[in-house]
Each structure stands twice: as structure tokens, then as C-alpha cells.
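The hints should help you fit chains B and C onto chain A, whose structure is shown.
The primary structure of each chain is shown beneath.
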Amino acid sequence: MSWKMREVVLTVVLSIACGVLYLGWSTLWLPISALIGPVGAEVMFGVWVVASPLIAYIVRKPGAALIAELAAAAVEVFTGSHFGLSSLLIGFFQGLGAELAFFLFGYKKYSLPVLMLSGVLAAVGSMIYSLLANGFGYYTPGVLAATFALRIVSGAILGGVLGKLIAESLAKTGILQQYEMMRQRRQQRGEGYDSVSRM
Amino acid sequence: MMHANRSRLARVNPAVKLTAHLAVMLFLMMIADPITSALLWLLSIIVGVMFGGWTMRYIRKRIVPYLGFFLLVFWMLAAFGKGEHVLGQFAWFRITEEGIYHGLTIAFRMLGFVTYGLLFTSTTDTTQLVMSLIHQYRLSPKWGYGLLAGLRFVPLFQSELAQMKAAHKIRGFHAQGKLKSFARYTLPLFTQGIRKAERVAIAMEARGFDGSRNRTYYHTPVTSKSDYVYAGTLFLAVAVITAVSAFSGWLHWAWNE
Amino acid sequence: MIPYLGCNNLSVRFYDAPSFTLQHLSLSIQRGEKVLLLGPSGCGKSTLLSVLSGIIPAAIEAEVKGEVTRPESVGIMFQDPDAQFCMLTVGDEIAFSLENRRIPRDEMNGRIEKAMAQAGLSVPKDTPIETLSGGMKQRLALACLLALEADVLFFDEPTAQLDPQGRQDVFTLLKSVSDTGMTMVFIEHVLDGLIDWMDRVILFDAQGRIIGEGAPKDVLTRYEKEMEAAGIWRPRLFPHTLEEACAPSHPLQIGWREKLKQSETRARSKGAVEPDIYTIRDLTIGYGKTNILEHVSFSLRQGEWTAIIGENGAGKSTLLKALAGLEKGKHGEVYFQERPIRKWPAKKLYEQVGFVFQNPELQFVTDRVYDEVAFGGRVRQWDEHVLTDKTNRLLQEFTLNAHRDHHPFMLSQGQKRRLSVATMLLFDQKVLLLDEPTFGQDAATAAQLLARLEERKKQGTAIVMVTHDMDLVDRYADRVIWIADGTIQFNGAPYDLFSSGASLPGLMRPLHYEWERRMRHDACQPLPFGSR
Numbered sequence: 012m013s014w015k016m017r018e019v020v021l022t023v024v025l026s027i028a029c030g031v032l033y034l035g036w037s038t039l040w041l042p043i044s045a046l047i048g049p050v051g052a053e054v055m056f057g058v059w060v061v062a063s064p065l066i067a068y069i070v071r072k073p074g075a076a077l078i079a080e081l082a083a084a085a086v087e088v089f090t091g092s093h094f095g096l097s098s099l100l101i102g103f104f105q106g107l108g109a110e111l112a113f114f115l116f117g118y119k120k121y122s123l124p125v126l127m128l129s130g131v132l133a134a135v136g137s138m139i140y141s142l143l144a145n146g147f148g149y150y151t152p153g154v155l156a157a158t159f160a161l162r163i164v165s166g167a168i169l170g171g172v173l174g175k176l177i178a179e180s181l182a183k184t185g186i187l188q189q190y191e192m193m194r195q196r197r198q199q200r201g202e203g204y205d206s207v208s209r210m
Numbered sequence: 009m010m011h012a013n014r015s016r017l018a019r020v021n022p023a024v025k026l027t028a029h030l031a032v033m034l035f036l037m038m039i040a041d042p043i044t045s046a047l048l049w050l051l052s053i054i055v056g057v058m059f060g061g062w063t064m065r066y067i068r069k070r071i072v073p074y075l076g077f078f079l080l081v082f083w084m085l086a087a088f089g090k091g092e093h094v095l096g097q098f099a100w101f102r103i104t105e106e107g108i109y110h111g112l113t114i115a116f117r118m119l120g121f122v123t124y125g126l127l128f129t130s131t132t133d134t135t136q137l138v139m140s141l142i143h144q145y146r147l148s149p150k151w152g153y154g155l156l157a158g159l160r161f162v163p164l165f166q167s168e169l170a171q172m173k174a175a176h177k178i179r180g181f182h183a184q185g186k187l188k189s190f191a192r193y194t195l196p197l198f199t200q201g202i203r204k205a206e207r208v209a210i211a212m213e214a215r216g217f218d219g220s221r222n223r224t225y226y227h228t229p230v231t232s233k234s235d236y237v238y239a240g241t242l243f244l245a246v247a248v249i250t251a252v253s254a255f256s257g258w259l260h261w262a263w264n265e
Numbered sequence: 134m135i136p137y138l139g140c141n142n143l144s145v146r147f148y149d150a151p152s153f154t155l156q157h158l159s160l161s162i163q164r165g166e167k168v169l170l171l172g173p174s175g176c177g178k179s180t181l182l183s184v185l186s187g188i189i190p191a192a193i194e195a196e197v198k199g200e201v202t203r204p205e206s207v208g209i210m211f212q213d214p215d216a217q218f219c220m221l222t223v224g225d226e227i228a229f230s231l232e233n234r235r236i237p238r239d240e241m242n243g244r245i246e247k248a249m250a251q252a253g254l255s256v257p258k259d260t261p262i263e264t265l266s267g268g269m270k271q272r273l274a275l276a277c278l279l280a281l282e283a284d285v286l287f288f289d290e291p292t293a294q295l296d297p298q299g300r301q302d303v304f305t306l307l308k309s310v311s312d313t314g315m316t317m318v319f320i321e322h323v324l325d326g327l328i329d330w331m332d333r334v335i336l337f338d339a340q341g342r343i344i345g346e347g348a349p350k351d352v353l354t355r356y357e358k359e360m361e362a363a364g365i366w367r368p369r370l371f372p373h374t375l376e377e378a379c380a381p382s383h384p385l386q387i388g389w390r391e392k393l394k395q396s397e398t399r400a401r402s403k404g405a406v407e408p409d410i411y412t413i414r415d416l417t418i419g420y421g422k423t424n425i426l427e428h429v430s431f432s433l434r435q436g437e438w439t440a441i442i443g444e445n446g447a448g449k450s451t452l453l454k455a456l457a458g459l460e461k462g463k464h465g466e467v468y469f470q471e472r473p474i475r476k477w478p479a480k481k482l483y484e485q486v487g488f489v490f491q492n493p494e495l496q497f498v499t500d501r502v503y504d505e506v507a508f509g510g511r512v513r514q515w516d517e518h519v520l521t522d523k524t525n526r527l528l529q530e531f532t533l534n535a536h537r538d539h540h541p542f543m544l545s546q547g548q549k550r551r552l553s554v555a556t557m558l559l560f561d562q563k564v565l566l567l568d569e570p571t572f573g574q575d576a577a578t579a580a581q582l583l584a585r586l587e588e589r590k591k592q593g594t595a596i597v598m599v600t601h602d603m604d605l606v607d608r609y610a611d612r613v614i615w616i617a618d619g620t621i622q623f624n625g626a627p628y629d630l631f632s633s634g635a636s637l638p639g640l641m642r643p644l645h646y647e648w649e650r651r652m653r654h655d656a657c658q659p660l661p662f663g664s665r
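Chains as they are written, first to last, in our numbering: chain A, 12 to 210; chain B, 9 to 265; chain C, 134 to 665.
Okay, chain A solo, but in the shape it has when bound (with noise of 0.2 Å):
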């Protein structure tokens, strides 16, 4: 299944158009942080992947959740961000995650559980970046548990979920009518020129 160029433009501009959006939300993580710790700051984390689920969602190809979050994250590299770097291997982590969920299932179903798991994946790979690189195993096993389960939860609802909902309102414009997304939907209607014989 190769890539169209347009489906990668598509993976590139939405991951970047996602990055955009969290920088504005980055702002607010500041505050909540210092005041109630690391476990307020965990219900914002699904807005941090929602971009692969979204764009393996459009595109239904082997390879597009990881590949999204690992161009979300390169924008801040090539916006020259001091975080660039950090981004590329939390991108990397939260990637693989999200990419398993799609892999466990053939890269066939793109229902929305999956797309939950996909999210709540990608929330285990970012833990475990947070262990290794943040000294997350240095917090009482309270808040570790706390801040897991919190990380878990936001990743499934506003990874997952919104990640599907941001695609269905997409798919209401008409914009999205010549990628897999749709095409698969019309197939199984059995309608639409992909099933009329070309001259």
C-alpha cells in the first residue's frame, strides 16, 4: 500500500495544523502543574496525541500513527523550539504506542474502541518515556498510579475520541471524500464511482 502524495501532504499539514493548536495549550500547563503536581497537569494529555489517531483514521495506512506524531513532534524541531529534540523521542514513544493498537488488529478496524486504545497506547509509550527520561519512578507510588490512570483515561477521550469526532466533522464538509476513510465507507454502501467499470 504505497503512499499517495497527497496523503502525505495530508499526514504532514494535520500533524503541523495539531502542533500549532498545542502550543496554545502548553500554556496552560504551566500553572495547573505547579499547583496541583503532575497529576492535574495528566487530564490534558490526550490533546497532546490526538493527531495520530485522527490522521489513522483518514488515511488507514500501516505506519500513519506513528508517522503523525513523529511530524507533530518534528515541527518543534524545525520551528527550532528548545524542545525539539525531547519532542522527536516523546513523539517516538507515544508513536509506537499509538501505531500498536492499529497493528493488533491488521490495520483492518478503525472503529472507535480501537481508536480509544490507540489512544490509551500511546499514554502507556509516553509513561514510559516519562520513567525513563523524567523521573516519573521517582514519585510515591500514589501519585504514580494516580497520574497513570489519569494519562490513560485522557489519552482514550481526548486522544481517541476527539480524534474521531475532529474526522467525522471534516468528513460533514466533503473535503475527505477521495481519502481511504471514505472510499471505505462507500464501498461498503456499494456506491460511488470506485465500483463502476473505467473505460
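Since the hints were derived computationally from the structure, they do not count as laboratory data. The structure presented is a predicted model; accordingly, all values stated were derived computationally and were not measured. Some clues are possibly wrong.
Derived contacts from chain B toward chain A, CB cut-off under 7 Å, selection only [said to hold, decoys possible]: (1) Thr-129; (2) Gly-154; (3) Gly-201; (4) Trp-263.
For every residue, glycine included, the Cβ atom is placed at its ideal position computed from N, Cα and C.
Just chains B and C now, kept in the frame of chain A:
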């Protein structure tokens, strides 16, 4: 976009530089004491000054603002981290000796990440980096050029976001809550983005781009001995610092708890 | 005989459309010919261009029946200057064309320089593309196409997003390219400066069928009625030239004289003096060391139609935003109804002031056209009957009733624009601020919108509009404010501005004023064309 300054470091091949810095960052993740972490961070400052063309003024402008971040990270671990030797306690904050130790470690590590990151981004040009990934890391041109094409949208999205905030303010939308309005921004931004992305893809293909390696290149970054000398010297310095730290009894590895 | 470029019995259908966009179309284009495809919006010209150039089916999928012939290599210029490039600097972008052709590296610099010279790009190779103006970007796009050394060049509304000056520059440039014998196929809406050097014009009807073709002059005269009905912008001057038109009793002069008279009458009529609704005092807006606007002062009256004009980057949009309370000044003050605008609570302010953005999509907040118009009232918890009544009336007024249940994003550009204006009139705002409302629209859509605005103005709404269309300014505006270098160069009636003997750098007078100037100076020479 990233632009390279005029320094020795700017001449190092981007892919080699990227690998070297990521490797040092991964190594930092294995160090679990504040002193070694701090020393490794200082190394990045020294490299910056000696090879990266950094002036004191530049450091003041770019690194010093992150001291706030440093304090935050330190505080989170000091007050919420696990430990037995409690130094002070109020409300749900619990400051321990171990917390302080770990807090300093992670804070210096984060500072190190930021500085090695800045060392990279201040001495590398965006286009050269992508070309280097295509040539040294065998990144497919489809993705390399696709990435460059997409990056051009960053300022566009930023200005559209500003316009949408203004438009929503006029329509009185913010009265409905920040989260809902945030979700509202995504639709026009993404729609516009997708439309333009398609046009870009069509334009690229219309100019004969097929994404394959069957093409010639205007920029062809190469690796040379000096690139590996840089990487090697960096690793050597890291090794020396670690050895000194081990010898002085400061060193702790992350897996020795 | 197989044509150099063309199609035979071509039919095209898109995957999600029940019917064919193009049906049984045949046409052929000779080598070295310059052809213009003309027709109403949505007739399928773009689809035809895409098929002829090979974009369909290579990059866009559709069902294609019939035969298409084209020479080996083609180049296409699109209308969105920003969505054609993939690199960051000028040199790299042109090199991209060469890389795709597998040109050896050592030949590249020479070819890049040659392409840049041909396209009139005299900037360093490492200039970032984002710093170029719209017109320069299209020059760069042309340079990239020239580097392809294509056999045919296609142009899909290349000047749609440029200001009048940029447009003329591009047309002049393309004319010089045509002199090299290049085969060129155009779709364009604004014809002055283009149509006179076309070899052939092909006219389409709304269903995508060819209703006429031939030399430009013939097509324009024979199909005048059809073109007007379809809302196609007609050239101001062609097929006449200004030289001819200066001769005594030329038919064009009747219309011009009439326009001049109307404009002068409006300028001189005093009428009841309305109170000021806006007073701007010594306003300076800027960031850091640079100032966009400096020491700007003026007043606007109720029920007045004001046009803000000037070159791109002069500060027009900034001024408009300041009137909407969206820009804060470094010093100076904007008074709305005698109160500083920053003291107005947002809710109250926007019940009086409406703002229509250049990109209508940016202000849509709901999923249905009906909800979009009703939104403001719902937020303020209006009585449902009142709201329904008002909303329906607005939908009727702006002919959007048929689309009331559609998603705003599915409307055409013209409909989206009408919708954005409609949403801003729910409260019968006293002031309507518009940022280039007729930009990129066909004649019919623009006229409709302007007619609605004029009605509103008669009911007392003050209209403030940023625009590039000088004919619009002359015809509708009571007052024109010309901004250059961050300051006001002129504030008064359009007639006084355009008929003044002074040179107006960066502005193109409407054609009837150019004629009047010639008459006054008694020297009739061919000139570059008027506005639009």
C-alpha cells in the same frame, strides 16, 4: 524555521549532529545524580561557546528563561516525590531529602535536554537537515519534500488561529466556554489545511515529482571526517565526565536504586 | 488529424457526483496558440484544464471517457500562490523542477538564473519565499514552470488572488513569454491585459458545453448577452483601445461620461449632515520598533459608505480591525459613538458593529446555515418567534433559503460570503466592516452582494470596506480613505481623488478617469488598463 549561525558546529553534517545529540540525551537518561547531570549540562554550554558561536548574551537570552522551567520540575519532584527524610510538610506538599536529590537530577537533565536541543537548532538549517535525512538516513524523498512542503504552513496556521480568535470574539462565541471554542477552531483550520495540502500535492506532482529516488539533487549533504571527530570528541568528553564523577563518588546510575 | 493538444468526445464524472461534469467535449489546440477558456463559475473549465494537463486522472481521480492528446511535458500555474511551493527559498524552489527532470547538478545554477531572468525575478537565490509579495510569488511559479521547459503552459486563474498592480505585472510577464511561441491555455475572470493577446477564446455555458469560439473580438461582440447573463466580467476596454476611444463621439464615451457625472454629483451633494459615528484621533499602531499606522486621524459619519484603499501592506486591514476594536494602538484613540472603543463591553459593541472577514470560513461556528444566522440571537436568548422571523428574513434577503439546512462549509465561495454578511446583520448593526468582500468573485455574485449592502446603507447602516476594486469605490463609496506608508494620503469623495491631476502611486484609476485625464491633456495614447 531553523537557520544555522556562522559557527564550527554549523558545518557539521546535520544527520551526524542529530544522532550525536540524541545519543547524549539518551545517556543523560541513564544518569541518576544531580552532579553528573549538572556537569553534563555544563558541557553543552561549553560546546556552545567554543564551537556553537554562542555569546554570553545569547545564553542569557535563550537559556536563562528556562530556569523557571528548571525550578518547576525541581519543585514537582521535591514536593510530590517519594522519600523518607521529610524536611517540611503543608497541605498536600511533602518535601523530602530524596525528593530534592531527585528533583535536582531531573531538573538538570531537563535543562540538558533543552540546551543540547538548542545547540542543534541554532546551528542547523531546516532544508539542510531534511536533505541530510534523505541522503544519510535514506528518508524517502516523498516524505522529505512532503515534510518541507508542510512546514511552510506553520506561519499560515498561526495567523489563521489569531483571526479565528478575533472572529469568535466578535460573534460572542467565547461566552460558551474555552474548551468548546478550542474545538471549534480545529474545523476551519483543518479544512483550510487539507485543501491547501491537496493543492500542494497536485502542484508537486504536476512538476514531475514522483517521490522516488530517481532524481538529481541541488543540495547533497555529505559526511566528512570532521563530523565524526565532533561526535567522537563529544562522546569522549561525556565519558571523561562520567569517569571523574564515578571516581569522586558522586555517580549514580538510573538502575541502581 | 491528431491535434497538438486537445480532446475528442471527452466526458468526465467525479466519484461522488451522479452526473457528468463534462459531456462529449471535443476541441483541439494548435502549437503556439494562446487560448482562453471563458464561462460562468462552476461550468467545468477547471475540470477541462485538469484533464488537458493530465492532472486528471494522475493526481485527481475521476471517471474519464473519450480521448485526450497532449504533448510530452506540461506546466501548470495555479491561483493560490502559497499552495504551489514546497521549498523554503527561491533558488531551491526552481531547482525542484530541475531535480524532477533529473538535470545534472552542474547545469542547475545556470538554468535557475536563466529562469529567474526570464521571469523578471531579480532577488538573491536564497530569498525566503514567504517574504515575497503575491505577484512575486506568481513570478516564481512561472520561473519554476520555465525551468521545466514544458511544451504547453496551463494557467488556472493565476491572478485571482493578486491586487490590480500585481495582476498587470503578471499579465505583462506572460505576454512576454507568449512571444517566444509557447502554447498557453488560460482560465481567467479578469480580462483586461489578457484577452487582447489571445489567439482564440472558447466560451462555455453553465453546463460545460461550448457555445462559441473564435477570435476574442468576435466572441465578445457576438455573445455579449450570454456573457452578461452568465455573470462573466467583461473587459473594460477591449476590443477597443484607449486610443480609439479618445476619438470624438466614440460609443464608450457615453457610458464614461455618465459615470463621471454621477460620481461628481455624489461628491457635491451635501444632504443632511449625519452625526459622526467614529472619531479616530492620532492613532498609532505598531509592534516593537515598526509602526503600521502612524498618527492617523479622521471621522466617519453614520450611514456613510467608506472605502479604505491602498497597496498591500499599507495598513488597511489593520485600520479596519482597529475600528472593530480588535487592534490596540500604541497611542491615540478610537471613539465609537463618542466613547473610546476599548471601554465598550464586547457584547454591546458587536451588537452595533459587524465585521466580515476576508475568509468567511473563519467566522462560522455552527453546522447549519440557519443556525449560523440565528447564532447571535440564541446566545442572547432572544424570544424564539422574533429570532425565527428575523433569521428567515435574512435568509431570504441573501438568497440562502434553499441552503438553510446545509453545512456552511459546503456552500460555494459566493454563498459563504453572503452568509457571513447575513450573520453580521442579525442585530441590524449600525456599522458593517468588510475586508475585501468582492475579492475573487464573478461579476454576478459581486453585484448581488453590493446591491444588498446598498439597500442596508439606505436604511442607515454605515459601511466601511477595504477593497482593491476602484470601480466599486467610484460607484458606491461616499468617502474614500487612501492609506500609504501608514498615513492617510487622501480622505474625501472618490471623484475628487480620481479626477485630481496628481499622480497616485500604487493606485490605478478607473478607466473613465483615465479617459478624462487624456481629454484634459489632449493627448490620447494607449495606456495600461484601469482597475480590476
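Hint check results:
Interface restraint check: B/Thr-129 against chain A, minimum CB-CB distance 5 Å, threshold 7 Å, status holds. Checking B/Gly-154 against chain A: minimum C-beta separation of about 4 Å stays under 7 Å; hint holds. Because the beta carbon of B/Gly-201 sits about 5 Å from the nearest beta carbon in chain A, less than 7 Å, this interface hint is met. Here the hint on B/Trp-263 is broken, as its CB sits about 10 Å from the closest CB of chain A, past 7 Å.
This entry does not satisfy hint 4, going by the numbered hints stated previously; all others are met.
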